[in-house]
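Could you put the whole structure together from the sequences, leaning on the hints where they help?
Take a look at the letters that make up each chain.
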Amino acid sequence: DSGVTQTPKHLITATGQRVTLRCSPRSGDLSVYWYQQSLDQGLQFLIQYYNGEERAKGNILERFSAQQFPDLHSELNLSSLELGDSALYFCASRGQGGGNTIYFGEGSWLTVV
Amino acid sequence: DQQVKQNSPSLSVQEGRISILNCDYTNSMFDYFLWYKKYPAEGPTFLISISSIKDKNEDGRFTVFLNKSAKHLSLHIVPSQPGDSAVYFCAATGGAGSYQLTFGKGTKLSVIP
Chain Z
1 DSGVTQTPKH
11 LITATGQRVT
21 LRCSPRSGDL
31 SVYWYQQSLD
41 QGLQFLIQYY
51 NGEERAKGNI
61 LERFSAQQFP
71 DLHSELNLSS
81 LELGDSALYF
91 CASRGQGGGN
101 TIYFGEGSWL
111 TVV
Chain Y
1 DQQVKQNSPS
11 LSVQEGRISI
21 LNCDYTNSMF
31 DYFLWYKKYP
41 AEGPTFLISI
51 SSIKDKNEDG
61 RFTVFLNKSA
71 KHLSLHIVPS
81 QPGDSAVYFC
91 AATGGAGSYQ
101 LTFGKGTKLS
111 VIP
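Chains as they are written, first to last, in our numbering: chain Z, 1 to 113; chain Y, 1 to 113.
Hints in this document: simulated from the structure, not taken from any laboratory. Watch out, some of these pointers could steer you wrong.
Quick list of in silico lysine-lysine cross-link-like pairs, DSSO-like style, CA-CA up to 30 Å [said to hold, decoys possible]:
#1 Y:105 x Y:5
#2 Y:105 x Z:9
#3 Y:54 x Y:105
#4 Y:108 x Y:56
#5 Y:5 x Z:9
#6 Z:57 x Y:105
#7 Z:57 x Y:5
#8 Y:68 x Y:105
Printed below as a string of structure tokens:
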């Protein structure tokens, strides 16, 4: 158990819909990362938040957005969903005390039909 | 442009033998490298890491070697066990700022009893 919690674990939705994925980082971790893993692809970095503020952006589509709340949990919002958005979405967190190790949650499986 | 490459999608090894997983990178700014292990339906689990100031780091059965001049790292597992069967991801980070990880596409290791 990494200490990073993601909900929901599985989600099936129709094209054009909007979903929200939720992440609770490890206790005390200020950094939250979102990654996407599609079939035959490695983990693609989407976005990072640090203590409520956006820190870095990767290959995140304009239809996607994220935020980190004062209690440090984070949400990834995916809108106008397309079939190609079907993927495993991982949240990860990193501690404040240094070190480059990032700990991952178990992921949210999104299937768009 | 893939900055971290794992050129072998799969590897099969007999139980008790050595498993060697390889990873190449292109970005000279990378200065910290990590290996993650991933079982199906689970999030990636941190395994071992190495800083660019070292050329070897060992943790039990796992050793990571870094050849900076060749921009190459490898993970050695000795002896390999059936429970090591998983997908192994190489990741790299570097430069000041976000500590975001760039991942390879993974190598699926199968340890045959």
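Here is what the structure says about each hint:
A threshold of 30 Å between alpha carbons decides the hint, and for residue 105 (chain Y) with residue 5 (chain Y) the separation of about 7 Å falls inside it, so the pair holds. For a cut-off of 30 Å, the pair hint linking residue 105 (chain Y) to residue 9 (chain Z) stands: about 22 Å separates their Cα positions. Between residue 54 (chain Y) and residue 105 (chain Y), the direct Cα distance comes to roughly 24 Å. Compliance with the 30 Å bound is thereby established for this hinted pair. Annotation: proposed proximity of residue 108 (chain Y) to residue 56 (chain Y) holds, straight-line Cα distance about 23 Å (limit 30 Å).
For a cut-off of 30 Å, the pair hint linking residue 5 (chain Y) to residue 9 (chain Z) stands: about 29 Å separates their Cα positions. Between residue 57 (chain Z) and residue 105 (chain Y) the CA atoms are separated by roughly 20 Å; this keeps the pair inside 30 Å, and the hint holds. Distance check on the hinted pair: residue 57 (chain Z) and residue 5 (chain Y) sit about 21 Å apart at the alpha-carbon level, within 30 Å; holds. A threshold of 30 Å between alpha carbons decides the hint, and for residue 68 (chain Y) with residue 105 (chain Y) the separation of about 21 Å falls inside it, so the pair holds.
When held up to the earlier numbered hints, the structure conflicts with none and fits them all.
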